[in-house]
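Chemist: If you're matching them up, the sequences are chains A and B in order. So for the first sequence, the UniProt record's numbering puts the first residue at 1; every next one is plus one. So for the second sequence, the UniProt record's numbering puts the first residue at 1; every next one is plus one.
Source of the hints: derived by calculation from the structure; they are not laboratory data. For every residue, glycine included, the Cβ atom is placed at its ideal position computed from N, Cα and C. Some hints here could point you the wrong way.
[What the hints assert, rightly or not] Chain A side only, calculated, beta carbon under 8 Å to chain B, not exhaustive:
1. Ile27
2. Glu30
3. Ala32
[What the hints assert, rightly or not] Derived lysine to any residue pairs resembling SDA-like cross-links, with alpha carbons at most 25 Å apart:
4. Lys121/A x Asp39/B
5. Lys365/B x Glu340/A
6. Lys120/A x Leu326/B
7. Lys262/B x Ser62/A
8. Lys120/A x His237/B
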Amino acid sequence: MTTDTHAHDVEPDEVDVHDPRLSRFEIVREGARRDGVEIVHYEDPFPVKGTKAERRTVRTVSLFFLVTGLAATAFMIIYIWWPWEYELGANNSKLYTPLLGLTLGIALLGIGFGILSWGKKLMPREIAIQDRHDGPSDRAQRKLTGETMAYIVDELGIKRRKTLGLAALLGLAPVGLVAAAPLIGGLIKSPTKDRILFRTGWDPAANGGRPVRLTREDGTPIRPEDVSVGGQMTVFPGIPGGATNEHADSPTLLIHLRAGDAERTRDSAKPVNAGAQWENFVAYSKICTHAGCPASLYEQQTNRLLCPCHQSQFLITDNARPIFGPATRSLPQLPITVDEEGFFVATSDYKVAVGPAFWERP
Amino acid sequence: MKRRKVDVSAVPAKVAGGLDDRFQAATPLRNILNKVFPDHWSFLLGEIALFSFIVLLLTGTFLTFFYEPSLTTVTYDGSYAPLRGTHMSAAYASSLDLSFDVRGGLIMRQMHHWAALTFMSAIVVHMFRIFFTGAFRKPRETNWIIGSLLFWIGFLAGFTGYSLPDDALSGTGLRIASAIMLSIPVIGSWVTTSIFDGEFPGHVIMGRFYIAHVLLIPGALLALISVHLGLVFKQKHTQWPGPGRTEHNVVGERFVPRYTIKQGGFFMIVFGVIALMGGLFQINPIWLFGPYEAYTVSAASQPDWYVMFLDGSTRLFPAWEIRFDLWGWGDGYTIPPIFWPTVVLPGILTMLPMAYPFIEARLTKDHRAHNLLQRPRDVPARTALGAMAIAFWLVLTLSGGNDVIADQFHISLNAMTWAGRIGLLIAPPLAYYVTYRICLGLQQHDREVLAHGVETGIIRRLPDGRFMEVHQPLAPVDEHGHGSLDYAGWVVPKKMNRLGALGPAIRGFFFPIEKPSEAPVSPGHPPVSAAPSAEREEITK
Chain A
1 MTTDTHAHDV EPDEVDVHDP RLSRFEIVRE GARRDGVEIV HYEDPFPVKG TKAERRTVRT
61 VSLFFLVTGL AATAFMIIYI WWPWEYELGA NNSKLYTPLL GLTLGIALLG IGFGILSWGK
121 KLMPREIAIQ DRHDGPSDRA QRKLTGETMA YIVDELGIKR RKTLGLAALL GLAPVGLVAA
181 APLIGGLIKS PTKDRILFRT GWDPAANGGR PVRLTREDGT PIRPEDVSVG GQMTVFPGIP
241 GGATNEHADS PTLLIHLRAG DAERTRDSAK PVNAGAQWEN FVAYSKICTH AGCPASLYEQ
301 QTNRLLCPCH QSQFLITDNA RPIFGPATRS LPQLPITVDE EGFFVATSDY KVAVGPAFWE
361 RP
Chain B
1 MKRRKVDVSA VPAKVAGGLD DRFQAATPLR NILNKVFPDH WSFLLGEIAL FSFIVLLLTG
61 TFLTFFYEPS LTTVTYDGSY APLRGTHMSA AYASSLDLSF DVRGGLIMRQ MHHWAALTFM
121 SAIVVHMFRI FFTGAFRKPR ETNWIIGSLL FWIGFLAGFT GYSLPDDALS GTGLRIASAI
181 MLSIPVIGSW VTTSIFDGEF PGHVIMGRFY IAHVLLIPGA LLALISVHLG LVFKQKHTQW
241 PGPGRTEHNV VGERFVPRYT IKQGGFFMIV FGVIALMGGL FQINPIWLFG PYEAYTVSAA
301 SQPDWYVMFL DGSTRLFPAW EIRFDLWGWG DGYTIPPIFW PTVVLPGILT MLPMAYPFIE
361 ARLTKDHRAH NLLQRPRDVP ARTALGAMAI AFWLVLTLSG GNDVIADQFH ISLNAMTWAG
421 RIGLLIAPPL AYYVTYRICL GLQQHDREVL AHGVETGIIR RLPDGRFMEV HQPLAPVDEH
481 GHGSLDYAGW VVPKKMNRLG ALGPAIRGFF FPIEKPSEAP VSPGHPPVSA APSAEREEIT
541 K
């Protein structure tokens, strides 16, 4: 059997590779031929050895490698001795990274161009042709494999023993669930628990039932006179960690409207926002109802608030209604008043969910 | 006992013999060494992606030694004085340390980022090449699908990596991502709270993104890239039409040595260029952005370029929200507007390209296998469709930075949004029409040159006073003076020096002219050698 296949492989006109008269290239060409590759063109760029042109090319390639050596050495010297620790102001430490990049880049490019020109300029060019053999497999082969696979099914007898198949399915399906359960069970977290999507740091319930003060980033409370007319201030719930990302839904924009604007705002207030305004002050959620970016660019003259992420624009004097861009919902208004000590407090949490909308949001 | 002398020159042969005794490697190894690869500059594009991926793995591994995936609040006291004393997450602090307190850390971080951009760019340009030349056709549909998946997984790799430093910009991106997850109907809020372990941002997201970014996603990329390359190897590379090339052969060079050496050289060049960029061009200077705080953002917050088209689609989509009641069940339901441009659109953009090879085969009723590439001009409908897709993508990408354009050119921001909305409807069909016409024009010109010959630039005056240009036919002509060559799906020479009729063109400025210009041949075909003549010897002598 084995000799047969060998005999099939060996073609009659085959070269005897042990023939000592053959050059090494002839053997290579024969090897390629046996792999179905015909080298039809083979051209040494320098058939005459040692010409001026060849030496010049060799010099060029060598130069690339020497440049690499120089650059790599420079890299090491810079890496070790250049002042690398960051210092403010204009100084040599600022050049550390650029110099590393420059020397490393030159070193790597030197290798690249070196071996590229070695391959392209010094090595023989050739054209080889290989057959693809990429059609479908032999029909007999297909038949043999197909029948073998069909026979495996026969051997299992699954077609005849229907009960067995059903039992195996019923047995294995729960195992699949078992594999998925720890992943899903471990990761899943209910959004409905504690109504986290509807509550923010302004909820008095989390503050022992007392209304939450409006504070600055450092936690200091705010008096009305701290915000000038037409001015605005980002405020946070006056609870521990109120200004941190722990309460990423709570940042609020406190705006001191001009008298006329304040009048208009109060008149246009929707039922949900009724009574939320305190004198000329309004407070709106800073979290854009579109994608959750802080809508923080306040244009004082037009009373518009712009979100820099997707350019939604909200009209402060009309319930912070979206007037341009992709946002569909008004910014929620925080009901505020001033407590007996003269500081701003939120009379309650936001009346509607803050931030981007979701399926269960009415 | 006489000590045996070791013959050093016989060692390689002996080792090789020993290996073959055990593994029978001689035949399969020679098979690989002799495998023929066709060559064309456009075949390099995919390899740039592969090389960038290797750089990504190398630099990324370095970064993992120093990065800390934690949202625990710390007070920064590193070298970067302006932020000293600031409260920030450990993730951001360790990213700052990587940039300032790890020797050579900044160049690694920047190289990693540049390599990621190069990776995505190379994938996209490589896909253009595959699409416009019809290389996705049977039998290579599987590799086209894998390639599309590689783009989207690369996209995820980019997004997760971009989120890890937890600077103001990356946190904003993460918040938008959470809004996108929230917008999914029915399960959105469950998905979001499950991924963030509660409300955004929670405490665990950096750890989860980290393991996705350094293990799960690279693992998937590595697996798919291996299959991708394995299939190229198995199915053999496509080739351009040309002399001696058929559907059933591969004309090119053997894998080893010259081809491999060139690939090695190109790898080092890609590596070197990334190193240069990583050192010389600042990218993502996170220390200027500050730590992520839910209430800070700056104008011109833009994602990396390959995400910008989604940012653009989000900006352009009109404020259309669906609200409804389910017969009084619950308090009413919402499908937010952000759902369509950020979930539905990418879904379509994932599925449609993957199905394209099958759609095209069905419409053209072409179910044969193809190994020869097509010139884009020869398939005007496909080329025009591709141009249409690019126009669509360009409008979205430009809209992703429309605030910057509005600012720089003093255009109204709202006008930019409307221009994008209208442009998205008008630009793609326009691109289709124009591209289709250009393809037909190029086709016609090829046929014209084949029929009438190349313009020589020689003007002849006829006895009756008329002027006419002399044309050089490309082949023997019939009695009407028309050439008899058929179009072969490959470049038609259109200039006299491409026919070897004029003096050699000067190639570069550094070396003197040595060779006559080559006759128009496809890459890899034996050049037609001109007769040796004294004038064409080296002129340095």
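Chemist: Is Lys262/B close enough to Ser62/A, meaning Cα to Cα at most 25 Å?
Modeler: Within the cut-off at roughly 16 Å; holds.
Chemist: Run the distance test for Lys121/A versus Asp39/B: straight-line Cα separation, threshold 25 Å.
Modeler: It holds: about 16 Å lies between the C-alpha atoms, which stays within 25 Å.
Chemist: Was the hint right that Glu30/A lines chain B, CB cutoff 8 Å?
Modeler: violated (11 Å)
Chemist: Does the structure keep Lys120/A and His237/B at a Cα separation of 25 Å or less?
Modeler: holds (21 Å)
Chemist: May I ask you to test the interface hint for Ile27/A with respect to chain B, counting a Cβ-Cβ separation under 8 Å as satisfied?
Modeler: violated (11 Å)
Chemist: With 8 Å as the cut and Cβ atoms as the points, is Ala32/A at the interface with chain B?
Modeler: holds (5 Å)
Chemist: Please work out if Lys365/B and Glu340/A have their alpha carbons no farther apart than 25 Å.
Modeler: violated (82 Å)
Chemist: Are the Cα positions of Lys120/A and Leu326/B separated by 25 Å at most?
Modeler: violated (71 Å)
In the structure shown, a violation is registered for the earlier hints numbered 1, 2, 5 and 6, in ascending order.
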